[in-house]
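Can you build the whole structure from these sequences, using the hints too?
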Amino acid sequence: MKILHVTPSYFPAVRYGGPIYSVHGLAAGQAALGHRVSVFTTNVDGPGISDVPVGMPVDMDGVAVTYFQIGSPRRLYRAPTMSAALRAQIADFDIVHLHSVFLWPTLAAARAAKKTGTPFILSPRGMLVADLIRAKSSVIKNGWLTLFERRSIREAAAIHFTADREALDFDALGLKTPCKVIIPNGVDAPTIPDTVSPDIIAATAQPGYALYLGRLNWKKNLVALIDALALAPETRLIIAGTDDENHAVQLQEAIANADVADRVMLIDRNVIGSDKEWLFAKCGLFILPSLNENFGNTVLEAMIREKPVIVSSGAGVAEVVKEAKCGLIAEPTAEALGIAIRELIDEPAETQAMGVRGRKAALAHFGWRAIAARMVTAYEGLVSR
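When you line the sequence shown up against the working numbering, it's residues 1 to 385, in that order.
Please keep in mind that the hints were generated in silico from the structure rather than gathered at the bench. Treat the hints with care, as some may be off.
To be verified - Listed next, the in silico DSS-like pairs over lysine-lysine satisfying Cα-Cα at most 25 Å (straight line): (1) Lys141 with Lys180; (2) Lys219 with Lys141; (3) Lys2 with Lys136.
Unchecked claim - The calculated label-pair distances, taken between Cβ atoms and stated as ranges, are: (4) Asp94 with Pro198: 46 to 52 Å; (5) Arg74 with Glu350: 46 to 52 Å; (6) Pro348 with Asp259: 25 to 31 Å; (7) Pro178 with Glu350: 26 to 32 Å; (8) Ser313 with Arg36: 46 to 52 Å; (9) Asp346 with Arg36: 50 to 56 Å; (10) Leu363 with Gln252: 36 to 42 Å; (11) Asn246 with Thr377: 51 to 57 Å; (12) Ala261 with Thr377: 48 to 54 Å.
Don't be surprised by glycine CBs; every beta carbon is placed ideally from N, CA and C.
Take a look at the structure:
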C-alpha cells in the first residue's frame, strides 16, 4: 500500500514524548513490511525548529519524511507549503493516517482527503478527553471541535484508539464515528548503553530505585507520586523528563513539602539513548501515575526490559498490565500509589516474576512489525469498503 502519515511534529523533536516515538514506530514498521510509507510534518521543535531539510523527502528507517516550514499561527502548527503538497499529492496514496487533533495539519489533511475521496483514519493520541479539554484552553478547543474537528471525525473512515480507555473517553464527549479501530502502540527493542552522561551516572549510583520517565506535566500526577513515598520510607525515586510549563518548580516544592529531598532525584531534561537505557537498567521498578493517559508507551519500554510496573487506573496501558500480570494497577492517589510501591517492595519474588511476565508479553505481542501489520489489515478493510 501507499500510506501517508500526517503529524504536527516528528523526529528529532522528541521533547513531545510518546506520540513522536509511536508514530515513527508505526511508520517504520509498515515500511519494513514492504509498504511505501511517507510522512508529512512540520519542523517545529518546542520554541525553535528542528535542524532538518524542508520541502524534500528525507529517508528515516525506510520512511520518506517531508518536513514543511512552520508558518503562522505557530501554535496551530500551520505550514502553508504542506497545504499545497497535500492538495497536489494526497490522491496518490491509498490511505492517509492523521495523528492528533486541535491542530492545523490534521484539519488540512482531512479536508484534502475528503475532496479527493482518499480514505483517512484519525488517531486522537489521547487529546479527546473531557477533563483534559476543560483543564487547558477549553474555550479554544471546544470552539475548534464545533467548527472543524467534529466534521473531520464524522468524515474519517475510522477513528483509531490505542486502548479501550481512550475509546470510552471519546464516547463520553458525545462524538460519533462509523468505525472504531483499537490497536495498541508497539515498543522498540532495548539497546546496549554506550556513553552515559555524568549526571545520570551520579543519579543511579544506588541501583534499585523507582523510576518515572516522561514529560514533567500536571497530567502525569507526579506530586501524588512524590507524596506516596511517605508510605514507602525505604524507596528512592528518580523522576526524569522534559519540563512542561515550568512544572519542575512545583515538583521541587512538593519534594520539599514532603521532606523527601534525600530520596528523590529530579532530572528535568530530555533523557534519550544511552542515558535512558541506563536509567531503566538500574531501576527496580517503573511507575506511571498519570491522571489520564491514552496509552503509556514507557510502560511497554519497562516491560520489555523486564521491570515490574505500577500503573494508574487512568492509563490505557493498564489493560495490558492486567492481562500480562506484570505489575499493579492503582488509583491515581498518593495513598494508593504508596500502597502499591510497598506491596512490590515486600514481595521480591513475585515482583521479579512480574518483570519476567512483562518481558514475555512485550516480545510476544508488541513488536512494531506485529502492530504495523495489524494496522495495515485495518487499512485494507477501510479501503475496500
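Hint check:
Annotation: proposed proximity of Lys141 to Lys180 holds, straight-line Cα distance about 22 Å (limit 25 Å). A threshold of 25 Å between alpha carbons decides the hint, and for Lys219 with Lys141 the separation of about 17 Å falls inside it, so the pair holds. Restraint check: the Cα-Cα separation between Lys2 and Lys136 comes to about 37 Å, which exceeds 25 Å; the hinted pair is violated. Judged by the Cβ atoms, the range 46 to 52 Å given for Asp94 and Pro198 holds: they are separated by roughly 49 Å.
Between Arg74 and Glu350, the C-beta spacing of about 50 Å keeps the proposed range 46 to 52 Å intact. Separation of Pro348 from Asp259 is about 27 Å and conforms to the stated range, judged on CB atoms against 25 to 31 Å. Range check, Pro178 to Glu350: about 45 Å between beta-carbon atoms, so the 26 to 32 Å window is missed. Between Ser313 and Arg36 the beta carbon distance is about 40 Å. The supplied range of 46 to 52 Å is therefore violated.
Checked against the hint of 50 to 56 Å, the pair Asp346 and Arg36 passes, with Cβ atoms roughly 53 Å apart. Taking 36 to 42 Å as the suggested C-beta distance range, the pair Leu363 and Gln252 conforms, at roughly 38 Å. Roughly 44 Å separates the CB atoms of Asn246 and Thr377, a value that falls outside the hinted 51 to 57 Å. Taken as a hint, the range 48 to 54 Å holds for the pair Ala261 and Thr377, whose Cβ atoms sit roughly 51 Å apart.
Of the hints listed earlier, those the structure fails to meet are numbers 3, 7, 8, 11, in rising order.
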